[in-house]
Each structure stands twice: as C-alpha cells, then as structure tokens.
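Given next are the chains, with one letter for each unit.
2 protein chains.
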Amino acid sequence: MDIDFWFEFGSTYSYPAAMRVEELASQAGVGIHWRPFLLGAIFREQGLSDSPFNLYPAKGRYMWHDLERTCRALGIPFQRPSQFPRNGLLAARVACRFDKEAWLPDFVRAVYRANFVDDADIAGASVVGRCIADAGAQPEEVLAQAQSPESKAKLRAQTDDAMRLGIFGAPTVVVGEELFWGNDRLEDALGRAASRSG
Amino acid sequence: MDIDFWFEFGSTYSYPAAMRVEELASQAGVGIHWRPFLLGAIFREQGLSDSPFNLYPAKGRYMWHDLERTCRALGIPFQRPSQFPRNGLLAARVACRFDKEAWLPDFVRAVYRANFVDDADIAGASVVGRCIADAGAQPEEVLAQAQSPESKAKLRAQTDDAMRLGIFGAPTVVVGEELFWGNDRLEDALGRAASRSG
Chain P
265 MDIDFWFEFG STYSYPAAMR VEELASQAGV GIHWRPFLLG AIFREQGLSD
315 SPFNLYPAKG RYMWHDLERT CRALGIPFQR PSQFPRNGLL AARVACRFDK
365 EAWLPDFVRA VYRANFVDDA DIAGASVVGR CIADAGAQPE EVLAQAQSPE
415 SKAKLRAQTD DAMRLGIFGA PTVVVGEELF WGNDRLEDAL GRAASRSG
Chain W
265 MDIDFWFEFG STYSYPAAMR VEELASQAGV GIHWRPFLLG AIFREQGLSD
315 SPFNLYPAKG RYMWHDLERT CRALGIPFQR PSQFPRNGLL AARVACRFDK
365 EAWLPDFVRA VYRANFVDDA DIAGASVVGR CIADAGAQPE EVLAQAQSPE
415 SKAKLRAQTD DAMRLGIFGA PTVVVGEELF WGNDRLEDAL GRAASRSG
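Line by line, the protein sequences are chains P and W. Just so we're aligned, residue 265 is where the first sequence starts under the numbering used here, counting upward by one. Just so we're aligned, residue 265 is where the second sequence starts under the numbering used here, counting upward by one.
Careful, some of the hints might be misleading.
Since the list gives no way to pick out one identical chain from another, each pair is judged satisfied if it fits inside one copy or across any two copies.
Unchecked claim - The calculated DSS-like cross-link candidates involving lysine-lysine, where the alpha carbons are at most 30 Å apart (straight line), are:
| hint | residue 1 | residue 2 |
| --- | --- | --- |
| 1 | LYS418 | LYS364 |
| 2 | LYS364 | LYS416 |
| 3 | LYS416 | LYS323 |
| 4 | LYS418 | LYS323 |
Because the hints were derived from the structure by calculation, they are not lab data.
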C-alpha cells in the first residue's frame with residue numbers, strides 16, 4: 265500500500281521527514297504520493313495567526329533544540345533558518361503541479377536544504393528556480409506552469425483535502441485513512457503501509 | 265545522573281510515560297525525581313483556556329487515536345476517559361507532598377490507571393484515597409497532610425519551577441538542563457542521563 269506524504273516547505277519537522285521518506289519507503293517496498301499543502305491556511309482555520317512555535321515561545325525554544333538534536337542523531341545537516349516560518353507557497357505550487365514527475369523528490373529535498381541548511385529565502389523565484397534546476401528540470405517553464413490559475417487552484421484544493429482528512433500539522437503520513445503525525449511517526453507509518461501491502 | 269520526571273495526572277501522554285519510567289530508569293541505572301505539576305496553570309499563562317486537544321478538535325481526535333495505538337504497541341491497557349482533562353489537583357498535591365516516599369511510584373501509577381483504564385474521577389478524595397491505600401499508605405493521614413497550606417504552596421512553587429525551566433507540556437523529562445518532551449522522548453532522555461552518569 266502506498267503512503268500519502270503531506271508536507272509544508274516552511275515546517276521544521278517536515279524537513280528531516282522529507283529527507284528520509286524516499287529511502288525508508290523504498291526499503292519498506294512502499295510507494296509515495298507527495299502531497300504539499302499550506303499549513304498556514306490550516307492554522308488560520310484554527311484561529312492561529314502564526315506558527316504555534318512562534319505563538320508559544322517556550323514551545324518554540326524547545327522545538328529548535330529538539331530539531332537540532334533530532335537531525336544530529338539522524339546524520340542530517342541542519343542550520344537554524346534566520347526567518348521562521350519561511351513562505352513555501354511558490355515551492356508548494358511547483359511540487360503540487362509536478363507531483364508525479366521523476367525529478368520531484370530531488371526538488372523537494374533541494375528546497376528543504378535551501379531553507380534548513382543554506383538559510384536561503386525559499387519564497388522567491390530565484391531560489392526555487394535554482395532548486396528546480398538542481399533537480400534536473402527547466403526553471404522558466406516549470407515556474408510559469410506552477411503559477412497558472414489551474415496550478416494555484418490545485419494547491420488550494422489539496423490544502424482543503426488536508427483539512428478534510430483531519431490534518432492539523434506537518435509532516436503527516438496518511439496510510440489508508442490512518443494518520444501518523446510528525447517525523448517521529450514516519451517509521452510507524454511505513455511499517456503500517458508495508459503490513460497492509462502483504 | 266538522575267532525571268526529573270515532570271508529569272500531570274490529567275495529561276494523556278503522561279500516562280504511558282508514567283507507567284514505564286520506573287522500569288526503564290532502573291534498567292538504565294538512573295534515579296528519578298518525581299515532579300508533579302499543574303499543566304493547566306501553564307496553559308493559562310500561555311493564554312489557553314483549555315487543553316489544546318480540546319481547543320483544536322482535529323488535534324484532539326488524532327491524539328486519542330494515537331494514544332490508543334501507542335498504548336497497544338507498548339502493551340499498556342487503555343480506555344478513553346469519559347471526561348478530559350480530569351482535575352488532578354488533589355492527586356498532584358499528594359504526589360508533591362510525598363514525592364520521596366517509597367510508595368509514591370505505586371500511587372502515581374494507581375492514579376493514572378484510575379483515570380485511563382477505569383475511567384474513574386480522580387478529582388475526588390474517594391478515588392485518590394483508594395489509590396493511596398493501593399500503594400500501601402494511610403489515606404486519611406496522607407490526604408490531610410496533602411491539603412495543608414504548606415503542601416498547597418509546595419505544588420504551586422513546583423509549577424512555577426516548571427515554567428522557569430521552559431516546560432510547556434507533559435510529560436517532560438529534564439536531564440541537567442536539557443528538556444525531553446513527550447512519551448516519545450522517554451528513552452532518549454534516559455539514554456542521555458545514563459551517558460552523563462558514566
């Protein structure tokens with residue numbers, strides 16, 4: 265059984281999960297549907313004006329320490345971004361429009377590395393374009409298509425889907441109808457998917 | 265090095281952590297300081313009028329499913345309480361006043377079982393008294409001492425300490441000055457404490 269990997273480019277714990285999910289899924293013999301969505305829209309629906317990590321400073325301080333500790337334990341490079349959360353809208357439109365392309369996983373990881381290793385502003389077309397090129401696709405063409413009305417509508421609809429599924433944070437892996445929230449649940453989710461494939 | 269195990273009797277993920285911490289700490293050769301506190305006071309300080317699991321229904325629905333799944337995987341019995349969160353004030357006063365007694369860990373587990381297995385209202389003296397008796401202590405004497413002005417002040421001061429340490433949720437294990445939040449981080453916390461003991 266395949267998994268749906270729901271992620272947000274600005275989300276901190278989505279970073280280690282996105283860096284690991286393809287290799288772990290491959291080891292488990294499980295396919296991935298990449299599902300970018302806009303976590304900010306879901307927070308607004310809940311009445312939150314910002315990331316809970318900014319609204320609740322103690323929680324935010326803990327998260328940065330825990331994320332650094334988590335990445336170190338997993339052997340994943342990490343540098344705390346100077347801005348949080350970064351605006352992942354353009355990158356999410358690209359990932360949503362081109363979600364089945366062979367270059368998509370490389371693009372996703374390139375954007376996360378830009379945000380969480382290089383401290384680059386992923387909101388702009390220059391950084392996103394560089395990530396597209398790094399993944400082996402054509403930046404101009406991809407960026408133009410990602411900003412078409414159809415692409416914008418597709419990402420909005422996908423974010424609505426996330427809400428309907430009961431998603432409230434990122435990353436979330438959905439296996440059938442079961443949710444697994446957080447980088448901490450990635451292995452459990454893949455184990456569940458693998459057991460349902462047999 | 266010892267750990268500080270910060271817990272709240274109403275807190276859902278504190279339940280599996282409290283049921284496991286003594287055995288895991290013993291295996292790791294680590295001592296435990298039991299630190300009950302009032303999570304509601306910390307939520308109020310953050311401007312929250314209730315548990316986030318009640319304020320954000322999608323998060324709450326997920327938590328109940330995840331907690332059930334977690335307890336099943338750990339072999340810990342679980343029945344969803346008909347009321348959430350339950351008021352753990354009296355039980356916390358007992359645990360705070362008698363935190364170094366040999367019967368304390370049994371009392372803590374008895375209260376959690378009452379809440380999360382027997383669906384009993386832990387707010388009242390009858391249930392808390394039964395838990396004290398189950399742990400081998402004298403309910404009348406313990407309850408009277410737990411409700412003295414000194415005992416009430418001790419729990420308030422301990423909750424203030426939790427805030428000063430940056431604690432924002434339960435359970436939290438503190439090793440030196442490092443925080444590990446959640447049942448998911450219990451093993452990591454004990455591993456850190458064991459490595460600092462050597």
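Against the structure, the hints come out as follows:
no. : hint            : verdict
1   : LYS418 x LYS364 : within (14 Å within a copy, 59 Å between copies)
2   : LYS364 x LYS416 : within (17 Å within a copy, 60 Å between copies)
3   : LYS416 x LYS323 : between (32 Å within a copy, 27 Å between copies)
4   : LYS418 x LYS323 : between (33 Å within a copy, 25 Å between copies)
Violation of the numbered hints given earlier is absent; every hint is satisfied by the structure.
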